[in-house]
Amino acid sequence: MQRSKEEIIKALGKPSRYGPDIDINMYPPVRSGYSSITEEMASRALDVGVTVGDRAGTYFQVDSSVLKEAVEEVYHGKVEITSIKEALETHDWLKEYYWRAVDPVADKYTATAYLEGELGYFIRVREGEKVDLPVQSCLYMASQGRRQVVHNIIVAEPGSEAQLITGCVTGKQVDIGLHIGVSEFYIGRDAHLTFTMLHDWGRRLHVRPRTGIILEDGGSFTSNYILLRPVGSVQTYPSAFCKGDSCAVRFTSLIYGASSSIIDVGARAVLKGENSKAEIVSRVIATGRSKIYARGLLEGLSNSSRGHLECSGLLLSDEAEIHAIPELQGIAMGASLTHEAAIGKIAEEEIQYLMARGLSEEEATSLLIRGFMDVEILGLPLHLTRQVDRMISRILKGGF
Amino acid sequence: MLEIEDLWVSVGSRTVLKGVNLSIPEDEVHVLFGPNGSGKSTLIYTILGFKGYKVTKGRITFKGVDITHMPINERVKLGLGVAFQKPPVMKGVKLIDVLNAVGKTFNRKIDVERILRDVELDSDFLRRDLNRGFSGGESKKAEVVQLVAMNPDFLILDEPDSGVDVENVERLGRIIDRQLRGKAGLIITHQGFILKYIDVDLAHVMISGEIVCSGDPDRTLSQILSMGYGWCEKCKGLRRKL
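As they're listed, the protein sequences go chains A and B.
Going by the working numbering, the first residue of the first sequence is number 1, and it counts up by one from there.
Going by the working numbering, the first residue of the second sequence is number 1001, and it counts up by one from there.
Just so you know, the hints here were simulated from the structure itself, not pulled from any lab data.
Computed from a predicted structure; not experimentally measured.
Treat the hints with care, since some could be wrong.
[Claimed, not checked] Residues from chain B shown here face chain A by an in silico Cβ test under 7 Å; the list is partial:
(1) L1048
(2) V1076
(3) P1088
[Stated by the list, open to error] Result set (EDC-like, lysine to aspartate or glutamate): computed pairs, CA atoms no more than 16 Å apart in a straight line:
(4) B:K1086 / A:E349
(5) B:K1094 / B:D1124
(6) B:K1077 / B:D1153
(7) B:K1091 / A:E349
(8) B:K1104 / A:E363
In this text, a Cβ means the ideal position worked out from N, Cα and C, and glycines have one as well.
Full structure from sequences and hints, please.
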């Protein structure tokens, strides 16, 4: 979306429609000179699914330093991973994709990213290539009290298939900061991309991802968002635009809100092409004094649009809040859109049932929470399912 | 093994059980008959210690231990096991999860495959959300699978034949009979179909929260089937008059 400099500068003062307003200037930009991935970084990255081995390629950025951008040899010519800066210098055509799926004047965070976003990754899956191992990226914040601003572009060329795992994490000592991440996805004709994002931020860190997805005929995009650790605030509302016919979009979020986290996560699917379908599923648990907003918007613009929105919320504390805000817009007469939302506490009947099998009340509660956070709904690769499972076990071990 | 003495139980503001006395020795299986709403399930939930079932008088001892105010899981660890009439649908919790938890609780390895074979439940059910979309018979079988895994000394079966088709009642009856051999138990049944296949020592009839008579299971059942529970109510009335 072409915007004038004036418009963008004006947008710097525009708060987001949702989520707490953050004074960006409170957090000076990250400026750091890391040259290698330390043991601590590797260990924290592992917490969010970023591993060594079993990956087709890796992008690893710490503050503003790109420490790794590599594709495994066997995938050369199939996948391309570079910093966005380098990609813009190499590929003239990329300018056409730059800021097309996200509007730079949407709010102050997108405007900031437009003006500062020289960092971030570019991932391109070449036409017709089926990449069997996941591609991964890690965005790591190592400096206290700073802001990290990134702009990522992911292009899945026609007929390609890939899976991208992004782990966003802070260093152990970092609990204050701001992360702004613009991500633009372009899913070509008959291309299929699964994007799994795991977050593990500091307790007073604010996170504003801004994501846009454009799908061509027959394209599919599956997004999994997993946030299980306390955070200052997260506000995101990715928007998928099914421009072509027969597109499929699925957003799934698994959220465990702890301490005073404010988590405002939505997803929007615009079903413009014929025979396109979308599904938005969220499972959220609120403990402590956390506040969770689970939003969703399905827009059926064609007669054959199909969409379903589902939010299940579990409240584990009297001081926590869950707001489920599903929205359906049927613009064409034949569009079929549905939603269901349920918020409640753990049913006493189920706890007692499990206690009648010998489990203590705590064990029964833990098994029920684990069941509620059923990782299998995400359809992740086995190793990542185990990883998320372990994360959930760790949380439950610490009490709830 | 299980001794219930002058048990009074209220649920909310209503007194449901009114002075129940019941004694089930080791190696004996008893059956409890009674019309809907007579308090049979309340008795089971009270034996298990479910919340909301308040013992206002009397006590329950199991293996000589007073369990009247013990947490549910402690009672279960002592050797009580139950197959529920209407088990809840467990979202995200699979049968295998419960069996694993049972193995951990009782600290033993559970031969899941063998149990499934014995109970004639397909192994697909292990990885499905427990009771979600299960038929009446499948739910009952899943209950029995858990009961076998727990291997309790005292088995409680709440309406094991309700909502089960004729063919499966026979199958379930035979499975339950095998499990009860050499053990003690209490079976609750409204219609008594399953008793054709289970060896039972003594029958009791509960009417309006009281056990009004006890006797031979076959005779009691045929009396109920021919005369209905109305006869028991009259009988209860007569006893009062006397």
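Against the structure, the hints:
1. L1048: holds, 6 Å
2. V1076: Since chain A brings a Cβ to about 5 Å from V1076 (chain B), closer than 7 Å, the hint holds.
3. P1088: Holds - the Cβ of P1088 (chain B) comes within 7 Å of chain A, reaching about 5 Å at its closest.
4. B:K1086 / A:E349: Holds. K1086 (chain B) to E349 (chain A) sits at ~11 Å (cutoff 16 Å).
5. B:K1094 / B:D1124: Distance of about 11 Å is within 16 Å: holds.
6. B:K1077 / B:D1153: holds, 10 Å
7. B:K1091 / A:E349: Holds: K1091 (chain B) and E349 (chain A) sit about 13 Å apart, inside 16 Å.
8. B:K1104 / A:E363: With a Cα-Cα distance of about 11 Å, the restraint between K1104 (chain B) and E363 (chain A) holds, given a limit of 16 Å.
Violation of the numbered hints given earlier is absent; every hint is satisfied by the structure.
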